[in-house]
Amino acid sequence: MNHPFDYLLREDRIPHIWCSGCGLGIALHSFLRAVQRSNIPVDKMAIVSGIGCTGRTAGYVKMDSFHTTHGRAIPFATGLKLANPNLKVVIFSGDGDLIAIGGNHFIHAARRNVDITVICVNNFNYGMTGGQSGPSTPLKARTATSPYGNQEPPFNLAYLAAGSGAVFVSRWTVAEPRRLEASISKALNKQGFSFVEILSPCPTLYGRMNKYTSALDMLVDYQKNTVINEKVNLKDAQLELGGKIILGDFIDIQPGIAGHPMPLSEKVELEHTNKKGTEDE
Amino acid sequence: MNEKDKSVLTGAHFINGDVACAEGAIAAGCRFFAGYPITPATEIAERMAERLPHLGGTYIQMEDEIASVTAILGASWSGVKSMTSTSGPGFSLMMEGIGLGIMTETPCVIVNVQRGGPSTGLPTMVAQGDMMQARWGSHGHYEIIALCPSSPQEMFDLTVKAFNLSELYRLPVLIMADEVVAHMTEKVVIPRPQSLKIINRRKTTVSKDKYMPYAAGARIVPPIAHAGDGYHIHITGLTHNEMGYPQIDMETHQRLVKRLIDKIRVNIDKITIIEEDGMNNAEVIVCAYGISARTSMLPVKLARKKGMRVGMLKLVTPWPFPEQKIRKISRIKGLRRIIVPEINYGQIALEVERCVAGRQKVITLPHGGGGTHNVEEILDAILDN
Numbered sequence: 000m001n002h003p004f005d006y007l008l009r010e011d012r013i014p015h016i017w018c019s020g021c022g023l024g025i026a027l028h029s030f031l032r033a034v035q036r037s038n039i040p041v042d043k044m045a046i047v048s049g050i051g052c053t054g055r056t057a058g059y060v061k062m063d064s065f066h067t068t069h070g071r072a073i074p075f076a077t078g079l080k081l082a083n084p085n086l087k088v089v090i091f092s093g094d095g096d097l098i099a100i101g102g103n104h105f106i107h108a109a110r111r112n113v114d115i116t117v118i119c120v121n122n123f124n125y126g127m128t129g130g131q132s133g134p135s136t137p138l139k140a141r142t143a144t145s146p147y148g149n150q151e152p153p154f155n156l157a158y159l160a161a162g163s164g165a166v167f168v169s170r171w172t173v174a175e176p177r178r179l180e181a182s183i184s185k186a187l188n189k190q191g192f193s194f195v196e197i198l199s200p201c202p203t204l205y206g207r208m209n210k211y212t213s214a215l216d217m218l219v220d221y222q223k224n225t226v227i228n229e230k231v232n233l234k235d236a237q238l239e240l241g242g243k244i245i246l247g248d249f250i251d252i253q254p255g256i257a258g259h260p261m262p263l264s265e266k267v268e269l270e271h272t273n274k275k276g277t278e279d280e
Numbered sequence: 000m001n002e003k004d005k006s007v008l009t010g011a012h013f014i015n016g017d018v019a020c021a022e023g024a025i026a027a028g029c030r031f032f033a034g035y036p037i038t039p040a041t042e043i044a045e046r047m048a049e050r051l052p053h054l055g056g057t058y059i060q061m062e063d064e065i066a067s068v069t070a071i072l073g074a075s076w077s078g079v080k081s082m083t084s085t086s087g088p089g090f091s092l093m094m095e096g097i098g099l100g101i102m103t104e105t106p107c108v109i110v111n112v113q114r115g116g117p118s119t120g121l122p123t124m125v126a127q128g129d130m131m132q133a134r135w136g137s138h139g140h141y142e143i144i145a146l147c148p149s150s151p152q153e154m155f156d157l158t159v160k161a162f163n164l165s166e167l168y169r170l171p172v173l174i175m176a177d178e179v180v181a182h183m184t185e186k187v188v189i190p191r192p193q194s195l196k197i198i199n200r201r202k203t204t205v206s207k208d209k210y211m212p213y214a215a216g217a218r219i220v221p222p223i224a225h226a227g228d229g230y231h232i233h234i235t236g237l238t239h240n241e242m243g244y245p246q247i248d249m250e251t252h253q254r255l256v257k258r259l260i261d262k263i264r265v266n267i268d269k270i271t272i273i274e275e276d277g278m279n280n281a282e283v284i285v286c287a288y289g290i291s292a293r294t295s296m297l298p299v300k301l302a303r304k305k306g307m308r309v310g311m312l313k314l315v316t317p318w319p320f321p322e323q324k325i326r327k328i329s330r331i332k333g334l335r336r337i338i339v340p341e342i343n344y345g346q347i348a349l350e351v352e353r354c355v356a357g358r359q360k361v362i363t364l365p366h367g368g369g370g371t372h373n374v375e376e377i378l379d380a381i382l383d384n
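Which chain is which? The protein sequence lines are A and B, in order. Under numbering that gives the first Met the number 0, the first residue of the first sequence is numbered 0, with each subsequent residue one higher. Under numbering that gives the first Met the number 0, the first residue of the second sequence is numbered 0, with each subsequent residue one higher.
By construction, these hints were calculated from the structure, which means they are not laboratory data. Every residue gets a Cβ at the ideal spot worked out from N, C-alpha and C, and that includes glycine. Hints are supplied without guarantee of correctness; some may be wrong.
Unchecked claim - According to the in silico footprint, chain A covers these stretches of chain B (three or more CB under 8 Å from chain A):
hint : region
1    : 62–69
2    : 92–103
3    : 145–156
4    : 233–239
Generate the whole structure from the sequences, applying the supplied hints.
Rendered as structure tokens:
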């Protein structure tokens, strides 16, 4: 039997490695629907992942796909995009990969306004290595390396992205697949650095350590606590254990302070570097 | 045509080694440079920043050297020849990217203008202490190609050569320069474009449904398809099969690692370059590379004037180490010893020793860095009976 997204999936790579109840399947499905909706030719798309459970996504998608080293999806994608501006380059990776080890690359790519879409699946812990805490783990949450409760405050990813210069910032959960699809679709069509955070259950590790009885339990919890508020001051959209989950397409602005997302056209680049601006058009 | 719009600046120039390196890269077709400022390699980045926008290329200053090396890998997969340059501290950070480049078979060039280490060490002063790091610095077992220029002219010539080797064998090629060669300013002659030999990576001719990114066949080096070509390639740093898909088992791993090593080992005689002078009947040989090869020229000449038969052996490509060539040299009749001056405490000397295998005495002439050897110390070592 055929799946309607067979043309976007590497059938020979299925079954995937993700646990039952993991939100990554829904996240990937929403992404594929958004790709279909965006009408961007698949031959001109590339997907780049780092390391981790989410990092395996690149290996399942039938487009040019790169599974790079831990944390380095963004600089790899930056090189790919700047060397071929005709490509639509999407980074699909996890919170640990993009925000911990890759955090520096993340803020700088946003600052530069590189024309890429970053999709970050946030499951609040390191899944691949067995559920350790990281910079997105909520305060007091238990993980394999915070057995007495996490002592460190987490990053507020949406606030970080916005503060670093992202021109599109959104956050959705996998319990909102249609809204998520619409949001990814907007991000794909945005020129400049777009960022979509997807909250996703990791029932096997994070869920079990934090008294969720099942994956469904986690999804119900998302729905129960969800507040859609696109006008929120992002500073107040911090995620807390058991707290309200503020979702929305928060930021959607015109690209860049200088008005030019990277890669710059040759003309713009020379104008900037020479400070001449004499060419008329 | 405006000078700035030319990719090959044919003619004689009075430039330093760093600038010559940048010009070599541009002449070889490099159109993407990602870097991070660091002494004594900064002038390479500055030259690229000035030149590339006029040639339809891209210069980007990344947030660190990890990002720089990773960005040039990405650019290479878009089909653009790419380069980064750095010095010791940045080279340490690039080890991860070198490994990814080796594993994914990504052509690119990495320049290390060596300065004194460990750590921040001597930012503005010379050393050759990263030679073993170049060979073994990234984890896992692999083969690498490294070139050591000993003049600004060679900074140009060997950068062109480095791009050709990286395109031919599909791997990151290292230019292991040093501070003196990089900051030395002298005459550099850039040839006419038509007399430059430029090699471009072999692209696949297989149809999209049959293409396997890592099916190499007898040529050991697989043909490439780039992002955007419509082949839907999958590339990973994990152990992978011919489709490029992760396959985590011993057989696949052994087959892959062996091929990555064979690419270089099988072609070692085509890759390695040594320059020999006065080797016939030599009783003493001075074996050196980079600036130390240049420093050795005068003491060798002076010793010859005193009637000694001294051979000069320059290693243009220390990696892969020219094992067979050194073994052959070590069998020269009447040869008594090989002296290896290098600005470290004995790195390439160990390789020479390994290949000489006790047939001759190998004498390490160490230097801690911050300067080059004196003429006297090399001369004394040659004359010392």
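Cross-check of the supplied hints:
1. 62–69: holds (count 6)
2. 92–103: holds (count 4)
3. 145–156: Coverage by chain A is violated here, the residue count being 0 at a Cβ distance below 8 Å.
4. 233–239: holds (count 5)
In summary, the structure is inconsistent with hint 3 from the numbered list given earlier, while agreeing with all the others.
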